[in-house]
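Peer 1: Chains as they are written, first to last, in our numbering: chain Y, 1 to 551; chain F, 1 to 148.
Think of the hints as simulated: they come from the structure by calculation, not from any bench. None of the values given here were measured: they were computed from a predicted structure. Each hint should be verified, as a subset may be incorrect.
Pairs of lysine-lysine residues, derived as DSS-like cross-links and limited to a Cα-Cα distance of at most 27 Å, are as follows [claimed, not checked]:
(1) F:K30 with Y:K323
(2) Y:K323 with Y:K306
(3) Y:K390 with Y:K404
(4) Y:K323 with Y:K338
(5) F:K125 with Y:K323
(6) Y:K338 with F:K125
(7) F:K69 with Y:K346
(8) F:K69 with F:K96
(9) F:K95 with F:K125
(10) Y:K373 with F:K82
(11) F:K32 with Y:K338
(12) Y:K364 with F:K82
(13) F:K82 with Y:K306
(14) Y:K306 with F:K30
(15) F:K69 with Y:K323
(16) F:K129 with F:K101
(17) Y:K306 with Y:K508
(18) F:K82 with F:K30
(19) F:K30 with F:K69
(20) Y:K452 with F:K69
(21) Y:K375 with Y:K338
(22) F:K82 with Y:K376
(23) Y:K452 with F:K82
(24) F:K95 with Y:K323
(25) F:K32 with Y:K452
(26) F:K82 with Y:K375
(27) F:K101 with Y:K323
(28) Y:K138 with Y:K112
(29) Y:K452 with Y:K364
(30) Y:K404 with Y:K364
(31) Y:K394 with Y:K452
(32) Y:K452 with F:K30
(33) Y:K338 with F:K95
(34) F:K82 with F:K93
(35) F:K95 with F:K82
(36) Y:K139 with Y:K43
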Amino acid sequence: MLKSTYKPSAAALQPLLPGWTEHKAPTGHTYYYNAATKESTYKRPAAPFAPTAIAPQVNLSDPNIANAFLAQNAPQPSHQSSHRGGFGGERGGRGGFQPRPRPQPTDKPRSKVAIPGHEPWILVYTKLNRRFAYNPVKKASYWRIPEKLMPAILELDQARIRQKAIDETAPTVTTTGETTVPNRPGAAAPATTTEPHDYDSSEYEEVEVTDSEDDDPSRPKRQRTSDDPPSGPVEFTEADIAAQLAAMNADYNSYPSDSDQDEDDGPPPLSESDATALFHDLLTDLRINPYTPFATLLEQPTTADKLTSDLRYLVLATTRARKEAWETWSRARMQALKDERARQEKTDPRIGYLEFLQENATPKLYWPEFRRKYKKIDCMKDGGAAFGDKEREKLYREYIARVKTSVGERKGELKGLLAGQGARALNSATVVPEGVPAAVRADVRWVVLDRKTRDEFVEGYVRGLGPPPEDEGQGTREEEEAAEKAREERRKRERALEDRERAVAEEKRRQEKRLGFERARLREEERELEKAMVVDKKGLRGQLAGERMEE
Amino acid sequence: MPAVRPASKRKAPPEGFSDLEEDLLIFSNKMKDAQNAPNDNLPRHQAQWPIFQISHQRSRYIYELFYDKEAISRPLYEWLLKNGYADPMLIAKWKKQGYEKLCCLRCIQTKETNFNSTCICRVPKTVLKEDQDIQCVSCGCRGCFSSS
Ligand SMILES: [Zn+2]
Ligand SMILES: [Zn+2]
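Can you build the whole structure from these sequences, using the hints too?
Peer 2: Set out below in structure tokens:
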């Protein structure tokens, strides 16, 4: 329901009340903050244009009134005989809502016309072909025409239609629009008199939009409006109407929208946490090394290309934001790796011991010498009943024996060890070396190659394996649930990203189309201008010729 | 007779080195490029700047991994210092208040400068005139005093 706040509200036309400032939330919402009272709100705390300008939402939550809006938002027909699709008669609540365009925030009065016999009432037409009745004395606006004004407005409409007919038969007259529509009750226009006087049409229904006190249903609204005493002439400007219209739109915009079909909402923004999570997904998917400095990532052409060509790179708008997201991700990832290593070493004391051998064992030392030399090192001390000195000596001898063989032989032995692992333990998704299962790391064959050679060899080996098996029946139920939840959340934010991209593309298409129209119109105008110039020249020539003749 | 072991094997780096290996290589390559870069049209004192900067970056990288992010083990950290991947003297300064971002050791040596004082980049921003744009001669630093 906050959707309506994403776009600049029409209320932006109104100045903020003193003490309030406008802010942009990271999510894109505009909100308002009062430093003195520490209040914040999404609803623009604007200065009321007129005593009646601040209408409570309650008016609009009334389905009848809401329907009145809908009726007015439907494209205004050129005359009242058009079918209204039953908007006015719809009393059953909001179920019958049609997808409709939201009133444009840019709507503004286009023209106004006095309602004959009902001064000071005027009928205001807006740029979006809406119209409302306005009483400048009361400063009250009505989207739906008060009943007492209906006959007069009907007259106006008929006059307009007649005028239009006249205009069409005389194309040299430029279309004047409603501003100049005079009340011509005398003009004859037989074609239009057959139209039914659709008094039930919503267009003529009275709904008070901007007056808050009139909520009481027991009080007949019509009575009230008809009681208005017409007073003397009032200053009334376009700006007045504009502000009034803004107030009306503001009310409308604060009405919670339950429709997702609004066309002019712009791209649905991603939440900050979704954007960050998407960026994290990208880093994980690209198997970015969490130890690599952020600057290096962007300096290395291949990595930079991979990163920047992904949509998810742009969900965060600034390099600073990206760096912050990377920092969080990298820290978490390094911690996870550290934990995993610690866990593996705890699982099997042989892992730590073998790594120690890899660093320090040498064929120059026999086992007793080696043991004496490193007796103070943790992994040389008692490892419990399962891993004592006997086991250490055995591994030492195995290690020394293997180190003396050729690298090719050692690789062959390691390959044999890897081949004995199941697809669940080792697969194409295995991260080398930290993702290698403990069973492998606790084997002497794992440490007999130097780390770099080994990791490259193993990396090549796992790349040739298939993907991890689909069913993950080995984890606990909680782990599975957490994993499923994480997957679902990821799907959700990816959908949000897709939606946004679609909306962006759609908006771009629309803009291009609009641009196309504009260009076409411009060309048209240029052509007409050219034509006019030609005529003018001819005219001039003709005139000159005439002058010459006179001479 | 003991088998001859390759030099790389004799001083195998501790566990975790492979995580950093590639990035350290990138730093080394950058350093080589900086050393070999033509510096004919540069003022003499500026020629050394890139080298100071890369050295600073690499020390910073290792310092942060160990102290700030606690992502590498002490044995690995010490091995890196011993093998010249980071400058222990500079890192020692970073632990002192006001020196957390120190650019290089030269900038705090008073003897080498003309005025017997530390480098201009060590002057706190609050002391400098407003909008005064500074850059030190020794390493190109634009200010490395930290107040907190
Ligand atoms: Zn400095
Ligand atoms: Zn310096």
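Peer 1: Could you run down the list of hints and mark each one as holding or not?
Peer 2: Hints versus structure:
no. : hint               : in the structure
1   : F:K30 with Y:K323  : 22 Å, holds
2   : Y:K323 with Y:K306 : 16 Å, holds
3   : Y:K390 with Y:K404 : 22 Å, holds
4   : Y:K323 with Y:K338 : 22 Å, holds
5   : F:K125 with Y:K323 : 25 Å, holds
6   : Y:K338 with F:K125 : 40 Å, violated
7   : F:K69 with Y:K346  : 23 Å, holds
8   : F:K69 with F:K96   : 18 Å, holds
9   : F:K95 with F:K125  : 20 Å, holds
10  : Y:K373 with F:K82  : 22 Å, holds
11  : F:K32 with Y:K338  : 32 Å, violated
12  : Y:K364 with F:K82  : 24 Å, holds
13  : F:K82 with Y:K306  : 35 Å, violated
14  : Y:K306 with F:K30  : 22 Å, holds
15  : F:K69 with Y:K323  : 15 Å, holds
16  : F:K129 with F:K101 : 21 Å, holds
17  : Y:K306 with Y:K508 : 25 Å, holds
18  : F:K82 with F:K30   : 21 Å, holds
19  : F:K30 with F:K69   : 24 Å, holds
20  : Y:K452 with F:K69  : 24 Å, holds
21  : Y:K375 with Y:K338 : 26 Å, holds
22  : F:K82 with Y:K376  : 22 Å, holds
23  : Y:K452 with F:K82  : 20 Å, holds
24  : F:K95 with Y:K323  : 24 Å, holds
25  : F:K32 with Y:K452  : 22 Å, holds
26  : F:K82 with Y:K375  : 24 Å, holds
27  : F:K101 with Y:K323 : 19 Å, holds
28  : Y:K138 with Y:K112 : 17 Å, holds
29  : Y:K452 with Y:K364 : 23 Å, holds
30  : Y:K404 with Y:K364 : 11 Å, holds
31  : Y:K394 with Y:K452 : 25 Å, holds
32  : Y:K452 with F:K30  : 22 Å, holds
33  : Y:K338 with F:K95  : 25 Å, holds
34  : F:K82 with F:K93   : 18 Å, holds
35  : F:K95 with F:K82   : 19 Å, holds
36  : Y:K139 with Y:K43  : 23 Å, holds
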